[in-house]
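Please construct the entire structure, taking both the sequences and the accompanying hints into account.
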Amino acid sequence: MPRITKIQSNKKCPCSVDIYIDNEFYIQLKREIEYSFGLKEGHEISIELLNDITNKNSYLIAKEQALKFIRFRMRTEKEIIEKLKKNATKDHIIQKVISFLREYDLVNDRQFAKEMIENLKQKYGKIRINQELAHKGI
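For the sequence shown, our numbering begins at 4 and goes up steadily by one.
In short, the hints are calculated from the structure, not lab data. Check each hint, because a few of them may be wrong.
Here are the simulated DSS-like pairs of lysine-lysine, each with C-alpha atoms no more than 25 angstroms apart in a straight line [said to hold, decoys possible]:
{"id": "1", "residue 1": "K89", "residue 2": "K139"}
{"id": "2", "residue 1": "K14", "residue 2": "K99"}
{"id": "3", "residue 1": "K15", "residue 2": "K66"}
{"id": "4", "residue 1": "K124", "residue 2": "K99"}
{"id": "5", "residue 1": "K99", "residue 2": "K66"}
{"id": "6", "residue 1": "K15", "residue 2": "K89"}
{"id": "7", "residue 1": "K89", "residue 2": "K33"}
{"id": "8", "residue 1": "K99", "residue 2": "K88"}
All values reported here derive from a predicted model rather than from experimental measurement.
The following block contains the structure:
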């Protein structure tokens, strides 16, 4: 069974730690994951638990990326999905992030469409507005 041989603070990102399994670098984790799973040097760890830890860490990273992406203006689900896919995020993690954003009403395609129509109807006709909405995935 694999063993955690070293946990050290990441020099570039103080909110993360580097995990070494059997004296080889394995993954950079958020500190939140380290604490929530109770990871300690010398502990043996199952492959299943390593997979759970990796998935949870990937979810937290993807959620942070999505929150940063929507920080300055509303985005559509399609835009967020495309952004996360560019970062090689797995589909099941993307769906969890989208569910989180919907739950807190941080992504709402209907509201986005209403606001976009209001902003564009002064400048463009219906066809152009429909094209713009289709481009955004609505």
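**OP:** Report the numbers of all earlier hints that the structure fails to satisfy, in ascending order.
**Re:** 2 and 4
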